[in-house]
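Using this note's numbering, read the sequence shown as starting at 10 and increasing by one per residue.
Worth flagging that the hints you see were computed from the coordinates, not collected in a lab.
Estimated spans, in silico, between C-beta atoms of each pair:
(1) Val74 x Arg109: 30 to 38 Å
(2) Arg80 x Ala107: 45 to 53 Å
(3) Ala87 x Glu51: 17 to 25 Å
(4) Glu51 x Asp108: 34 to 42 Å
Backbone N, C-alpha and C define an ideal beta-carbon position, used for all residues, glycine too.
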Amino acid sequence: MLTIASDIDALARFGRALADPIRCRILLALRESPAHPADLAEQLDISRTRLSNHLACLRDCGIVVTVPVGRRVRYELADERLGHALDTLRGVVLAVEADRTCTDTEEKGCC
10 MLTIASDIDA LARFGRALAD PIRCRILLAL RESPAHPADL AEQLDISRTR LSNHLACLRD
70 CGIVVTVPVG RRVRYELADE RLGHALDTLR GVVLAVEADR TCTDTEEKGC C
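Given these sequences and hints, build the entire structure.
Set out below in structure tokens:
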């Protein structure tokens, strides 16, 4: 059953999805066009098992959806506005100090 996430929940889910570089690469690839897992694994040069784990996270976060295509499954962004959001985020200038790192003090994990 699909539900509409609250604003805070949606932002937290999006943040978790972007917290991993591989998931970022997957999202940018899917921003370009929907894709089948085997094609994504080859394009991103990662194992299918690793890709599968990240796709499951993105699905659980509600960021991507699966679309049956015959006997195969294709992945795409859950909402086309996510592609626009990714474009906007890519253009953001961050105020980063050279001697500072962004650390996650909470337990690593996914949605």
